[in-house]
Structures are given as structure tokens and as C-alpha cells.
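A.B. asks: Work out the full structure, taking the sequences as your base and the hints as a guide.
There are 2 protein chains.
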Amino acid sequence: MKTLWWAGDALALIDQTRLPAEQTVVECRTYQEVGRAIKMMIVRGAPAIGVTAAYGLAIAARQSAATETGSLIADLRQSAAELRTTRPTAVNLAWALERLLGLAEAQHDVAAVREVLLAEAHHMAEEDEEANRRMGRFGADLVKDGDSILTHCNAGGLATVAYGTALGVVRAAHEQGKRVHVFVDETRPFLQGARLTAWELQQEGIPYTLITDSMAGHFLKSQVNLVVVGADRIAANGDVANKIGTYGVAVLAKENGVPFYVAAPLSTVDMKLTSGAEIPIEQRNPEEVASFAGVRTAPVGARAAHPAFDVTPARYVTAIVTEVGVLRPPYAGSLAGAFASQGSERRSG
Amino acid sequence: MKTLWWAGDALALIDQTRLPAEQTVVECRTYQEVGRAIKMMIVRGAPAIGVTAAYGLAIAARQSAATETGSLIADLRQSAAELRTTRPTAVNLAWALERLLGLAEAQHDVAAVREVLLAEAHHMAEEDEEANRRMGRFGADLVKDGDSILTHCNAGGLATVAYGTALGVVRAAHEQGKRVHVFVDETRPFLQGARLTAWELQQEGIPYTLITDSMAGHFLKSQVNLVVVGADRIAANGDVANKIGTYGVAVLAKENGVPFYVAAPLSTVDMKLTSGAEIPIEQRNPEEVASFAGVRTAPVGARAAHPAFDVTPARYVTAIVTEVGVLRPPYAGSLAGAFASQGSERRSG
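Chains as they are written, first to last, in my numbering: chain U, 762 to 1110; chain P, 762 to 1110.
To be clear, the hints were calculated from the coordinates, so they are not data collected in a lab. Among the clues, some could well be false.
Note that the list lumps identical chains together, so a pair holds whenever it fits in one copy or between two copies.
To be verified - In the DSS-like style, the derived pairs of lysine-lysine whose C-alpha atoms are separated by at most 30 Å in a straight line are: (1) Lys939 x Lys800; (2) Lys939 x Lys982; (3) Lys905 x Lys982; (4) Lys939 x Lys1033.
C.D. replies: Quick look at the structure:
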């Protein structure tokens, strides 16, 4: 099962706001619908929204009435700007749009632009799943038989096209026959852990225990011996932006001598940023904090805050698992080396 | 407004499971109803359930058909045993029951037992509020004008007869004219922060921001400069059992150089326990983690865990604010000194 796929004339997305109660599919026929799906978190997870945005721009190219490349590129720039604002923290979104815009500019006629963008979106979808499987194999070497693994949010198949990043590591260890038990942070306010990670693990037959985010410390002190999470953006020094609450888990892991791993493709690394302080943190609607599963919890008029991400300084990160291998501190060197080994310089400009 | 009061022939409790949406009162006419109210968390908070249990035993004395003290004491022992099992972590409950049983045994006729137990329950209710006001004044000295204060769970008026322990400190600082801003952890799974602490602060006109538990680290890193929480049991070495999630807040406070204060009356200190490892941790129904307000969040069949408390080692506790003063490490000495200064040896046996 995939999180998103091309349905001939539309982008199909599993509606993640309705899982696990309902399994429904949303079809997006315009780039505006794609942007709305990203903003409403019908699709979420840094790698998944990167590929979704790529399809969004491919759809924008088909929507445009332009008959010559200059005006088509202008239309695409406008559509890309709109798509880019939907979620500011995950860099995969901007990365995917830049990659497609670069390809569009290299074409000589409008038909080629339209064809190449859709082909590239397909290619990125395949590349994402392949990267996750490689990441899973590298990461599984860090997992021992009998490990208790804690994860925060959902960095699973649903956060990617398929297989997952952090959950890809768990999945690969499970496929190798290692017995693992996963502690799943429910991940307020959107409950991606309770709704999505628990659902994926249950389907996979991997044993897990759902906990509230506030229980992570208790179990890190007593039972958990490995943490693995995903990432929304990694700065050149190894600072990691990920779902709000990740920083707390990282500090508690370090305090208890538990290794803290981040699993993310190189498309999540933003070599233009020297540290996490430069990563923009999305502020979402505070009303999402004052209610729970559609039921209002706080008094009427309550003031709430809703930063959707936090930044974990690199000193708490034991290693970063990527599709080219497991990177260790100091990250300035290992991240640069990873890009060099990939033979890609697309993130260095 | 009080959390609980004697209504002539019954114990009246504000139903805390329905706040803030509804303000309703539950009246308990039997000790079994009192026990159920504690277990169902209609009343909660260590000091409040201590006083509630005292009224429960006073009611049990009135329920008993015994006509001589021997059989009345036997009935009271049975009732106390039932009340004691309702919530195992907060020591105030056992402390209150022991105090009343001791008084009952010193009486010479059944009428005196019945009279003395009710009078003592009234006395404990008054004592609780007075202790909180003293604690508030001592604690307010730790608060500076302009402080941003984080708290977890509800250690407010609703966790006590009135005024609160941790929120009592905030309230006293506010009454002194210090401008404070409170960051309120929502406190999953029961949401005592979102439902009760936010409600109390709003009524008091104290500015606050509601956050998910997972945001505490983010705000401790950036804005909060003081933490104050309550306690359910404190061991003789200063280890503190409090609502699940407190340990995580304490570690994050220390990591960010933010002082972490515990406000609790001496009735919360259990000098019989040498360390927090001996404190029994209540395990509640895991279904409470997999759903909220009748809305299921996790997939059907999800396995969850629900430890209701965690233990914060004394090394993370900057000071303990009590009704006899602010205690500093090493706590073995300062706690013993506090009991000596109180002229009470009731916890030392």
C-alpha cells in the first residue's frame, strides 16, 4: 500500500486526517487542491509532501494555458511559490519544487516541460521508496534482537511514498527476524503516533505499546534502549527540526544513555543553513491544541500556542541514518561527505 | 470557591471530570461513594484526596451500626482499607486515614469517635488551605516580576481544598503584584492542565498559554525561567512522585538551567521511604490512553500503557516549597529538619 500515487489524471492521496477510523482516498486535479491537501495535513511527513509537491507542480504545468515556455515557466514559478508556503519547515517540499523548476527551464517546448515534470514526479516517488529501503538496511544494523525502540510522531510508510524512514529502520530489523518492541508516542496535538504509527505497526504485526508523549521519560528511564525518529529539516551542522516533542525525547534519551537516531533521506538536509536556529518553525492554529479529537478540552477563550516543530541540537543526535549510510558526528563533515559520495551537488548551492 | 465541603449530611465535591464544560457537584453519603469518587477522579490531587478520605472515614463512622468502640474501630479499619486502595501513589490519603484511625482509637465511646472524626476532617480541610497559603508566601519569594512559569498537571485549588500548592505559589506571586505568565502543560491523558489549571488561571485573571506536554522542552529552551509542580509522594531523600510527565519536565528544566520547584505540604512526604524507587506507581486503565471523551484515537486492538505517575530523582529538584519553608538539598537533612520544626513526629514512625 502506498501513501500517494498517480491515478492517470489526478494525484491520489490516502486521507491521513481520517485514519485509522476510515480509509479514504482524496484525488487532487489542480495544484491548488494539492496545496490544500498539504496544508490540511491530508498528506504529511517531509518526504511525502516533497513528492506530493512535485506532482502538484506537474499538475500545474498541465493546468497552465501557456503555449510557449517563457510563460509556462512564469506560471510554474507562481504555482511553486504557492505550494512552497503550505508548510514552511520541511525542506523536502522546497527541494522538490526547485528540482522540477530546474528541469522545466532546461526544456525547449511546452509539451516537453509537461512530460518531463510528470516523469520526474514519478521518478522521485520511486527514488523515495528506494532510499527508504536502503536507509532501513543501514539503520537495521543499529538494532539488536530484543530491542525496545521509542519513536515520536509518524516517520512511517505514511510519511513517505512507502516503507518509511524511522519506521523503515524498524521494519527492516523486523524483516531480518529481530524481535523488537516499539513504544509509540501518541504525538499531540494531531496524534500521528496513536493514529498512524500504531496503525502501521499493527498491520505489520510488529508489537508496540502506545503511550502519551509525557510517558516517554518514564519509559526511557526504565525500558527503552533505542530511539529512532524522522526529520523535517536537518541543518549543515546536524541540528534537526522534527515534530514538536522530539527535542524533549532527545534530551531524555541522552540523560538515560539511550542512543538517539534520526533517519532521513539527504533531501531533508539543508546545507544552506549553518545551524538549526535558521530553520523556520511553522506556527499552526492554536485551536488545534485547545481541543482533542474534535472535542474541546480547554475553557472557552483559552490562549494556546502551537509550534508544529522543535529543533534538536546536533549534540543529542547519536547518528543520522541516510540512504548513503549511517553518519556520525561531527555532522558538518559527515553530511558534506554524504553529498559528495552521492555525487550530487544540488544541495550545496 | 472550594473543591470539597461538608454539606450537613454529605461530602460535596466539585465533579472535576466535567470541568470546564460543566460545573456540577457530587454528594457522597456513604464511604463507598467517597471511595468511588476518588477512584473515578471526580476529586483528585494529593491534598484534596487526603481530606476527602478523612471525610470518607468520618462518614463510615456514621454508617457503622456498632454500639461499642471495639466493633466501631474494626468497622473503621475495614472502611479505611477500602479507601486506601483507591489511589496507591498519593501518600496523603494513607496519612489522613492513619491520623483519623489513631484519633478514633483514643476515644472511649462511639459517639465521641463519630464526633471527633468529623471534627478532625473539618480541621484537616482548614489546615490544608492554611498550609497552602503559607506555602504560597514562601514560594512567591522564588518568583520574580516578569517570570514565565511552567507547570504540569493541576496543583491548584482543585487539587486541594482551596488555593493550591504549585498554583498557590503562582497565585501568591500574582497577589503580590508580580507580573507572571504561566505555560500550562495540557497533561495527557486526563488533561488536568487544559481542563483545570487553565480554568483556574482564567478565573484568577493570570495570563497563561496552554501547550501540549510535548512542547514543554521547546518553551523551556526559549522562554520559561521557572518550573513549579505539585507532588503525590516525596521520599525521605527528596525523590518526588508526581503526575506522569513531571520527570521529563524536570530533566528538561535542568538541561536548560531553569530552576525546578516542587510545592507540597509535609503530609505529602513519606519519611518511611528511603527513595523514590519504593513509591508504588498506580497503573490505570490503558484504554484511557487510546481514547478521549468517547472518541477513540488509536486503532481497535491497540495496546497501551498507563502509568499515572513517574518519579523525579531529587537531583533534579532545585527546592521543595512546604508550609514550614523552602527546603534545599540535601533533602534527607532538610526534610527531617522540617518535621522537627513542625514539632510533629507523626511521619517518622
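A.B. asks: If a hint holds in the structure, say so; if it does not, say that too.
C.D. replies: So, going through the hints one by one against the coordinates:
In the homo-oligomer, the alpha carbons of Lys939 and Lys800 never lie at most 30 Å apart, since the shortest distance is 37 Å inside one protomer and 41 Å across protomers. With identical chains, the CA atoms of Lys939 and Lys982 are at most 30 Å apart within one copy only, with a shortest distance of 23 Å there and 37 Å across copies. Proximity of Lys905 and Lys982 under a CA criterion of 30 Å is satisfied intra-copy only: 19 Å inside one chain copy versus 33 Å between copies. In this assembly of identical chains, Lys939 and Lys1033 lie within 30 Å of each other by CA distance neither inside one copy nor across copies; the values are 38 Å within and 44 Å between.
Taken one by one, the earlier hints fail for this structure at numbers 1, 4, listed in ascending order.
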